[in-house]
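K.L.:
In order, the protein sequences belong to chains B and L. Quick note on the UniProt record's numbering: the first sequence kicks off at 1 and runs consecutively. Quick note on the UniProt record's numbering: the second sequence kicks off at 1 and runs consecutively.
One or more of the hints may lead you astray.
[Unchecked claim] Mimicking DMTMM-like on lysine to aspartate or glutamate, the simulated pairs with C-alpha atoms at most 20 Å apart in a straight line are:
1. L:K308 - L:D36
2. B:K291 - B:E492
3. L:K323 - B:E347
4. L:K297 - L:E309
5. L:K231 - L:D255
6. L:K323 - B:D54
7. L:K308 - L:E43
8. L:K313 - L:E337
9. L:K323 - B:E339
If you're looking for bench data, these hints aren't it; they were derived computationally from the structure. Remember, it's a predicted structure, so these values are computed and weren't measured experimentally.
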Amino acid sequence: MIEALLSALVQLSSPDRLAYMALGVAIGYAIGVLPALGGLAGLSLVLPFIYGLDQVAALAMLTGLVAVAATADTYSSILMGIPGSSASQATILDGFPMARRGEAARALSASFIASMIGGLVGAIILSCAVLVARPLILALGTAELFMLAVLGLSMVGVLAGRSFGKGLVACGLGLALGTIGSAPATAEYRLDFGTLYLSDGLPLPVLVLAIFALPEIVDLARGGGTISKTAELGKGWIAGLRDIARHWWLLLRTSTIGSLLGAIPGLGGSVTDWIVYGHAVQTEKNGQFGKGDVRGVIAVEASNNAREGGALVPTLFFGIPSSGSMAVFLGGMTLIGIEAGPQLVGERLDLTYAIIWSLAIANVMGTALCFVTSPLIARLTTIRFGLIAPFMVMIVCFGAFNTSRDAADLYLLLAVGVLGLFMRRFGWPRPPFVVGFVLAQPMETYLYQAVQFYGWGFVERPGVLIIAAMIAVFVFVGARQRRLADTDDESEKRGQARPQAIFALVPVVIFAAVLLDATKHSFLGAVFPAMVAGAMLVISIPIVLKLFFAKDPGSLLHDGEEGSDESQGGFWTYLFWFAGLILGSALVGFLLASIVFFLAFLRVAAKCSWTKTLVLTAIANGGLVAVANVLVLDFPSGLLQSMIDLPWPLR
Amino acid sequence: MADREGVPHAGRRDLIRLGAGLGLAAALPGGASAQDFTGRTIEWIIPMSVGGGSDTWARFHLPFMNRHMPGNPTIVIRNITGGGGINGTNQFAARARPDGLTILGTTASIQFPFLLGDPRVRYDYANWVPVLASPTGGVMYIRPEIGVRGPGDIARLRATTGLKFGSQGPTSLDMVPALAFDLLGIDVQVVMGMQGRGQGRLAFERGETPIDYQTSSAYISQVMPLVREGKAVPLCSWGSLNDAGELVRDSNFPDLPHFAEFLQAATGRAPSGPAWEAWKALFIAGFGAQKFVVLPKTTPANLVNAYKEAFRKTIADAEYREKRGPVIGEYNETVGEPADRAYAAATTMSPEVRQWTRDWLQRRFNHTLGRE
Numbered sequence: 001m002i003e004a005l006l007s008a009l010v011q012l013s014s015p016d017r018l019a020y021m022a023l024g025v026a027i028g029y030a031i032g033v034l035p036a037l038g039g040l041a042g043l044s045l046v047l048p049f050i051y052g053l054d055q056v057a058a059l060a061m062l063t064g065l066v067a068v069a070a071t072a073d074t075y076s077s078i079l080m081g082i083p084g085s086s087a088s089q090a091t092i093l094d095g096f097p098m099a100r101r102g103e104a105a106r107a108l109s110a111s112f113i114a115s116m117i118g119g120l121v122g123a124i125i126l127s128c129a130v131l132v133a134r135p136l137i138l139a140l141g142t143a144e145l146f147m148l149a150v151l152g153l154s155m156v157g158v159l160a161g162r163s164f165g166k167g168l169v170a171c172g173l174g175l176a177l178g179t180i181g182s183a184p185a186t187a188e189y190r191l192d193f194g195t196l197y198l199s200d201g202l203p204l205p206v207l208v209l210a211i212f213a214l215p216e217i218v219d220l221a222r223g224g225g226t227i228s229k230t231a232e233l234g235k236g237w238i239a240g241l242r243d244i245a246r247h248w249w250l251l252l253r254t255s256t257i258g259s260l261l262g263a264i265p266g267l268g269g270s271v272t273d274w275i276v277y278g279h280a281v282q283t284e285k286n287g288q289f290g291k292g293d294v295r296g297v298i299a300v301e302a303s304n305n306a307r308e309g310g311a312l313v314p315t316l317f318f319g320i321p322s323s324g325s326m327a328v329f330l331g332g333m334t335l336i337g338i339e340a341g342p343q344l345v346g347e348r349l350d351l352t353y354a355i356i357w358s359l360a361i362a363n364v365m366g367t368a369l370c371f372v373t374s375p376l377i378a379r380l381t382t383i384r385f386g387l388i389a390p391f392m393v394m395i396v397c398f399g400a401f402n403t404s405r406d407a408a409d410l411y412l413l414l415a416v417g418v419l420g421l422f423m424r425r426f427g428w429p430r431p432p433f434v435v436g437f438v439l440a441q442p443m444e445t446y447l448y449q450a451v452q453f454y455g456w457g458f459v460e461r462p463g464v465l466i467i468a469a470m471i472a473v474f475v476f477v478g479a480r481q482r483r484l485a486d487t488d489d490e491s492e493k494r495g496q497a498r499p500q501a502i503f504a505l506v507p508v509v510i511f512a513a514v515l516l517d518a519t520k521h522s523f524l525g526a527v528f529p530a531m532v533a534g535a536m537l538v539i540s541i542p543i544v545l546k547l548f549f550a551k552d553p554g555s556l557l558h559d560g561e562e563g564s565d566e567s568q569g570g571f572w573t574y575l576f577w578f579a580g581l582i583l584g585s586a587l588v589g590f591l592l593a594s595i596v597f598f599l600a601f602l603r604v605a606a607k608c609s610w611t612k613t614l615v616l617t618a619i620a621n622g623g624l625v626a627v628a629n630v631l632v633l634d635f636p637s638g639l640l641q642s643m644i645d646l647p648w649p650l651r
Numbered sequence: 001m002a003d004r005e006g007v008p009h010a011g012r013r014d015l016i017r018l019g020a021g022l023g024l025a026a027a028l029p030g031g032a033s034a035q036d037f038t039g040r041t042i043e044w045i046i047p048m049s050v051g052g053g054s055d056t057w058a059r060f061h062l063p064f065m066n067r068h069m070p071g072n073p074t075i076v077i078r079n080i081t082g083g084g085g086i087n088g089t090n091q092f093a094a095r096a097r098p099d100g101l102t103i104l105g106t107t108a109s110i111q112f113p114f115l116l117g118d119p120r121v122r123y124d125y126a127n128w129v130p131v132l133a134s135p136t137g138g139v140m141y142i143r144p145e146i147g148v149r150g151p152g153d154i155a156r157l158r159a160t161t162g163l164k165f166g167s168q169g170p171t172s173l174d175m176v177p178a179l180a181f182d183l184l185g186i187d188v189q190v191v192m193g194m195q196g197r198g199q200g201r202l203a204f205e206r207g208e209t210p211i212d213y214q215t216s217s218a219y220i221s222q223v224m225p226l227v228r229e230g231k232a233v234p235l236c237s238w239g240s241l242n243d244a245g246e247l248v249r250d251s252n253f254p255d256l257p258h259f260a261e262f263l264q265a266a267t268g269r270a271p272s273g274p275a276w277e278a279w280k281a282l283f284i285a286g287f288g289a290q291k292f293v294v295l296p297k298t299t300p301a302n303l304v305n306a307y308k309e310a311f312r313k314t315i316a317d318a319e320y321r322e323k324r325g326p327v328i329g330e331y332n333e334t335v336g337e338p339a340d341r342a343y344a345a346a347t348t349m350s351p352e353v354r355q356w357t358r359d360w361l362q363r364r365f366n367h368t369l370g371r372e
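Isolated chain B, as found in the complex (with noise of 0.2 Å):
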């Protein structure tokens, strides 16, 4: 093994090969960087020229971009508190409110070592797995993936913050929204109102933008000044690196977690993320989760680098790809003539070992180009905030939109984002929110297979009651600790109770509306959302009526805008801003309706000169076309479209 081993490092060595994985890291590196695109974006670029190369040159190329997009995707999460890609929401939990503090450059630091070991934990991983992940992912049934939902599940105990009820209701949320959609066990469309866009279900990427970028945007957009309180960047490269020193348990045991996790096909990469962000609250001492604990971004951006070298394994052996971007990896390795399954641990166990060296040499390359470029820009938080706003905007439209390709898309994402700038002004914690959503599909569908293929005997299965007693124990440490902190800002708010306890219906009339629509479908098409809809009424009935009439309804009430400044804008004004944007976008179709809106933002609400807006619309929105060129991408058209016959890229 170790010749093997070695000769494929010679194999990968020629300059042309290495010079091929730069490549395919400076376009993860790009990618990575760019706000709301991750490794899938970033493999759907290079996917075209594919075709004819060198094999075990295009396996670098592929391996590198995966690798250093998880790496470089933490810029917006921590600068911008946007996720970088769908799967490293966790990351903001911790990173941004440090970036706030004015410690963006200690988080950075700290979260591109975690990065590097955990991709190279992760490589290490894959490397074992060529022995043994045949036996292992054929030992992990559907009652054994059922069980790690639930495991998922579990962590919503330390995420629900203040309030545990709230907490979990925020879940259930989540689960009922994630149950729109075809139903697994009979594809009924339960609540898709007739449209093609609802019978695929809501799409991940839309709701995390939605639920958490913007309602950051618009509290920083209020906020003036800039991203970072100090206006600093801060010294802390090396703090960082202390960090990490200070915390190598914690970041061995969440990329060896991260990693075996991704190797699981059909669990997802978000649920990854938080199950091992979940697990660090569990078990962390005294955390300040929430509020800027590095060992959040720590844990986050370790595993979700080992995260890919896990990946891979189904990928690789099984030709099972675990997530969006191994599909479009396998993808490509069809085109260059190789097919995955057991001849990579057998004849072909040479490309095999290529990749893992890409994987490990591209997370190397990619750290050092990550801190090499950091301090230009970790500057963007010293940036006055008015100018950034409408980028910040603009791109996660334009993320959200890249994800289903539908003006739908947009009309989510705003919906959704008031949504979470109300849980986020009423103290309602938004990770049990996504940790719901991402669950509820795997949930729903292991549920149903597992009774299918065991009978409900399955709960008797060694496995099942292994991960049993792990959650037991998690749930018993995790219930000691503190819990994850809403926002970095914990001072007693208590508000008006009416506005909140008309906030809490909403959740109730969704569960309603849930329930109601099962009554029209089959048993197993209806028996999952109407458990979940029929337990979340009776959690959030007795909320609401607390809030209305109860005397003191206690730590269920909070406001974050109790005491706000005025001055700084209202709660709604940049709301309106945004919500213009999309109604112009629904008029006139997104590219003109974004330059309009980058004109009126500058000049009106930054006050900026006419040179320096014209400037900055021509770049961003200059910037955008080529973007969308590249991607092979319209935008989103309105119904100046639908009338007049526009050139690309008006169209």
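Starting from the known structure of chain B, arrange chain L on it as the hints suggest.
P.N.:
Just chain L, lined up with the frame of chain B:
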């Protein structure tokens, strides 16, 4: 649609369309240069996601099309996903102009809802012409401990209880095996919710589903090693269509009986009846002629012929033949008359057979497709 790189396009900018979808066929590329695609960009719409089977299939053809189309045009793939392929196909149907600059790649999951009368379908294959037909095949296999080696053991297979099969959904490609089980009279519990055939295969390997099938390329790379280790026993291939449109043995698996042979050996009589007709129609749309490249029917003949010629040259290209294995398998893609015949067979279904199939879906899976 396709002049994104700013290729001049006579009168395009002045052309005002009143009302959506009124696609006036006014934007034909002008005159004698019509067959020359120099400097043009062709959009190939794939209604499936990047990296999937259809996408990879299309991307594999790109360099050859670029090589063999007159004027070596740029060809870009535009993935319009949603509704399992229905969304992108609806959009093509509504917007594609007969200018030869937009083509569509179809696949089984686009043919099936059309054949079955899914109310979400807004396209009609009768409005298109095929310029390429691409077949594939599949193999059904079973776990060795069942003790079935071939059609001779059918009695044993019928007596076996607890057979399960992992399916991607009642109206997915996996209808073909589900109907095959019924034709054979074996009792198989069809368990839905598999995301892709790969997951189905994994369930087979874990022992959760003792019977399974894979399309040919996955069978060759993933299941044949299991067969060699004695962990899977192949029963039959689905077969393939010859140029006359008859079901024959799949040349990739010459030793395996095709499904009609297997069925005949198992039941003792030549297959017939509505269930068989339905199976055949679905097999053709799902495997025998799984993928097509189509243009709007109103496209001028010289443009259509340019595509046909380009694909004909592609198929004869030595590099294509050498490299097609992992993508297409050793199946012969067809152009011209055989492709037209396959297209007719794969995209039409008699009203009786359609009704029978819809009733069967209702009976077997309690699945209603909604009003046509």
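K.L.:
Work down the list of hints and note, for each, if the structure agrees.
P.N.:
Against the structure, the hints:
Under the criterion of a C-alpha separation no larger than 20 Å, the hint pairing L:K308 with L:D36 is consistent with the structure, at around 14 Å. As the CA atoms of B:K291 and B:E492 are separated by approximately 15 Å, the hinted pair is consistent with the 20 Å bound. Among the hinted pairs, L:K323 with B:E347 is consistent with the structure: their alpha-carbon atoms are about 19 Å apart, no more than 20 Å. With a C-alpha separation of about 17 Å, the suggested pairing of L:K297 with L:E309 holds against the 20 Å cut-off.
Annotation: proposed proximity of L:K231 to L:D255 holds, straight-line Cα distance about 19 Å (limit 20 Å). The straight-line distance between the Cα atoms of L:K323 and B:D54 is roughly 13 Å, inside the 20 Å bound, and the hint therefore holds. Between L:K308 and L:E43 the alpha-carbon distance is near 16 Å, which keeps this suggested pair within the 20 Å criterion. Between the alpha carbons of L:K313 and L:E337 the distance comes to roughly 16 Å, so the proposed pair stays at or under 20 Å and holds.
Taking the CA atoms of L:K323 and B:E339, the gap is about 12 Å. The hint holds against a cut of 20 Å.
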